Structures are given as structure tokens and as C-alpha cells.
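Student: Below are the chains, spelled out letter by letter.
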Amino acid sequence: MSARRLDPATEQLLREAAPRVLGAVARRCGDFAAAEDAVQEALLAAFEQWPDQGAPANPSGWLYRIAARRVHDQRASEAARRERERATARSEHTPAPAPEPTGSADADAMHPDDTLILFFLCCHPALSETSAIALTLRAVGGLTTAEIARAFLVPEATMAQRISRAKQTLAQAGTTFELPTESERAQRLPAVLHVLYLVFNEGYAGSAGAELVRVELSSEAIRLTKLLHAMQPDERETAGLLALLLLTDARRAARTGPEGQLIPLDEQDRSKWDRAAIAAGTELIDRTIARGSVGPYQVQAAIAALHDAAPSTAATDWRQILALYDLLKRMGENPVVLLNHAVAYAMVHGPRAGLDLLQSLESDARLARHYRLDAVRGHLFEFAGERDAAIRHYLAAAESTASLPERNYLLTKAARLREFS
Amino acid sequence: MKYMLLMHHGNEGGGDCPPITTWAPEEVQAHIAFMIDLNKQLAAAGELVAAEGLAWPNEAKVVVSKGGAPKITDGPFPESKEFLAGFWIVDVPSEKRAIEIAARASAAPGPKGKPFGIAIELRQVMSAPHPE
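Sequences listed follow chains A and B, in order.
The opening residue of the first sequence carries number 1 in my numbering; numbering runs sequentially from there.
The opening residue of the second sequence carries number 1 in my numbering; numbering runs sequentially from there.
Think of the hints as simulated: they come from the structure by calculation, not from any bench.
Don't take every hint at face value.
[Stated by the list, open to error] Where chain A lies over chain B, by a calculated footprint (3+ residues, C-beta under 8 Å):
1. 17 to 24
2. 29 to 39
3. 114 to 125
Treat the numbers as computed from the prediction; the structure is a model and nothing was measured.
Beta carbons: idealized from backbone N, C-alpha and C, even for Gly.
Same shape as in the complex, but just chain A (with noise of 0.2 Å):
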């Protein structure tokens, strides 16, 4: 490893020119699988050297040519094994010369669609959430093994054996290196946002652990986003999924306190916030909602602008956000969207109202697990004046979160109320 580290403009390079040059190394040798090996070690490569050496003037082609190499060398080596083993059971033959990687990786190799392919193909349907997650990430988002192994918290080699398995998947899939078609695109985008999505999130709110904020993997989920939506200008869902991600991350500095605490959104302070983000995101989910019908991440980003226009929890327009709710529920109902409609529903008729709502749906199974429901409870009978109502669900919801700011939140929670009552 070398002591210096690459200055993070080199690096943004880096890893902008990765998904182009996989594009070109794949469609060069036709192995996906030994592609993305290859402009791995070429990643590697760079950040070795050009720290001490200087970046090269034409960056994209340097990692095409080590990556290139890389899998010339790697079947000239697997040629020549095959060839031996021939040659052992037959005496004869010489082996013939596997063909030198020609040229440099100019502008013609690297074609305009190839990081659009990647997305999808890395996203593709064989393979589990969480593999599709890491795939992407290292694909197309150029960052090392290492990298993602630190960002959710799993040893490097289990990192390493996730993504190869991920390819392997893919090739038993049958996958090309080629674009889906325009109606496959638009069966498989969901998924695709929906993975952009988890990486957000496992960044802001952290699944599990102590750290509530990782900040590179939101900052990578909206750079990538962003890649997308550039590619994509006319699919509304990811302009949505944009905005969203913008106007939730806009709230990033005022959401954890000095100790790594949560900050529920009623508690922040809104001077935090950055306003630049949050113009961003409100003018792009305002110009995408007006061009028609919307999707489930369009009506999530237009409630997160409203909190964000807001000078207070009292002073939100929560009729309006109740009235998202309702239609976010009607395209489908999970139990994050049933929870945080009926927190809107208590905000417009009344805590009580809230409460009886959160009744009615105690027979779901899929809420009755959930220690959201508590939370949400515990804050609904703390709004209503019922403190001990309020502490005893605060302290279940404590013992059934597996989130570690969100256990010390909760019960810091009930220790206060307990301390007035």
C-alpha cells in the first residue's frame, strides 16, 4: 500500500472512468466475470501508483491497458495450462501464441451505453439484494473489495466471495453484455432504484451498529443516482428516487448529535439543513411530478420537501403529506408506509385518532413484528398526554430494535418522560 493517497478530484476520476472502461474490457474479451477482475486490479493498480507517480494525462486509457493486458496475461496463462496437459497425454503440438491486446483504449472502445448495461446487469433479478448491492458498488461504482467490505462492516474476504458469486450467478443466468430492451428496461428499472435505495440507506440509517451516519455510502448512492438519472433523463421514478435522496440527505448534519445520537426530525435543528440540497431536490421533484403520473418514489420525495420547506413539526403542511400518504398506500402498502401515515393521520385529526388507526392494523402480521409500531405508539401516547402509556411502548420498542442509536434514542426517550411523571 502506498503511504500517500490519491487527492479526491483524481479519485472522482478514477471512478467515473471505471464503468467505461469495464464496458470496453467486456465487450473486448466477452467475459464479464474476468473484466470486472481485471479493471479490479487496474483500480488497485492506480491507486498504488499514481499517488507517487502522478495520474496519467488519459486516465481511462491507463486502466484500459492494465485491465486489458490483465486478461490477455490471465487466458495466455489458462491457454497455455490447457496446452500442457495436451501436450502430456500427447507429446506433440506447440503451443500456439494467445494474440497480444492491441491498441489503446481510445474513444471508440468506450461505448455511450456501457455504464447503462452495467447498471442493469448488476441489478439483475438472479441475484440477491444484497449481492446486486455489492456488484453495483464495485462495478459501477468503482470502489475496491475493501472499500465495500469496511462500508457494512464484513471482512474483506467475504466481500470478495459475495461479488464473485455474484458473477458466477450471472454467467449461470446466461446474461450478455448487452442492453436490455427498452420494455425489459422498463420491467427491471424498480429494482435497480430500489438497490440505489438500499445503498442510501444503509449509509443513513445503518442497518445495524453503532455508526448511524456512513457517510460515503449515501454520498456514492446519490452520485450514482445522479449517473442514472443523466443517462435517463425521461424516467420519472429515478428523477424521484434523485430528488429523494437529496432532500433526505439535506437533513444529514442535524440528524445525529456529537455522541453519534438520532435526532428525530421534530427535534432537529432546521438552520443545519442545507438549502442548497433542498432547493435541488424540491426543484427537480416539482418539475418531474408536473409531467404526469407519478410513482411511489416521486410521492415519497414531494412529502420529504414538504419537512424540508417547513420551519417547524407544527408549522408543516401535514394534511398535505397525510394526503400523500393516503396515495403512496394505495400503490402499495408496506409497514414503513402504514406507520408513517398514521403519524401524518394523529398530526391532522389528533393523537387519539392516530392511535385508533394504529389499532385497526394490530391484526396485520406484517406490523405486528415490526418495533416501528411500538415507537410510533410510544410517540403517539406521548403526544396525547399518556406518559406511561408512552414509556411502556418506547421500552418494547427499545428491546426489539436491532439499531443501536435507535435502542439509546428510545430509551433516553422513556427516561425523560419517566423523570416528569
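Chain A is fixed; fit chain B onto it per the hints.
Tutor: Showing chain B alone in chain A's frame:
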């Protein structure tokens, strides 16, 4: 040498310490801040291998299989008040240092800022055979 430090909840201060769910807010915060700080220091010293808190044991299961369908029971011990709350793995030069770390973790602040006295079980992690 690697050691695993297992934090057992349920018998703090000889069993007379109230559970964290009954503490004052600043007591909860001081305890949490102490644990975060301890992990930061272990990481900065190059001694921290892993540190994880475990979810409360409400949903814990014990799974036993002798081939065929596994036997799944609520567990580990539903009636027991003692449970494993979390663990550290540290890489340290000696057992003495591991004991020092365990003692610090055990003395994390509890109610009224007094040392909590949580039980930390110290176990050496097995390694490759010693090179001769």
C-alpha cells in the same frame, strides 16, 4: 493474542442494580457515551478487532438439529434474567491488558454515575499453532 470479552447483563453490582430501562436520561447518556468512547480508544490503540451489541433476547432462539427438521425453541433461557448483551474482540499483547480492558468496560457508569459492575467474561480466541 486475541480475547473475546462477553458482556453479561442481569447480575450487575451483585444483582441489586436496577436495569437500564429504569435509569434517568443523563445516566443512560453517560453510559452510552462511555461505551462509544471506550470503542474509539480501543480502535485508536490498534487493539479493537470487533465490537458488537446484541439485540435484546426477546426474539432469541435456540436451534438444535440431529439431521431432519431442526428443533427450534425460544431461548436461550426464557425465565433467566441473565443474557449476553454484547461482545468485543481485542488483539492485545497479554492477558493482563485484556483484563484491564474488561475491568474498564465493567466499571462503565451506572445509576448516579457509580460503576455499573457488569460481568465481563474473558475468553482467549484460539489461534494457529505456535511456530516452532
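Student: Now tell me, hint by hint, if it's right for this structure.
Tutor: Taking the hints in turn, this is what the structure says about them:
1. 17 to 24: Per the Cβ count (5), the hint holds.
2. 29 to 39: Coverage by chain A holds for the region 29 to 39 of chain B (5 residues, Cβ < 8 Å).
3. 114 to 125: Check failed, 0 qualifying residues.
Checked against the numbered hints above, the structure breaks only hint 3 and satisfies the rest.
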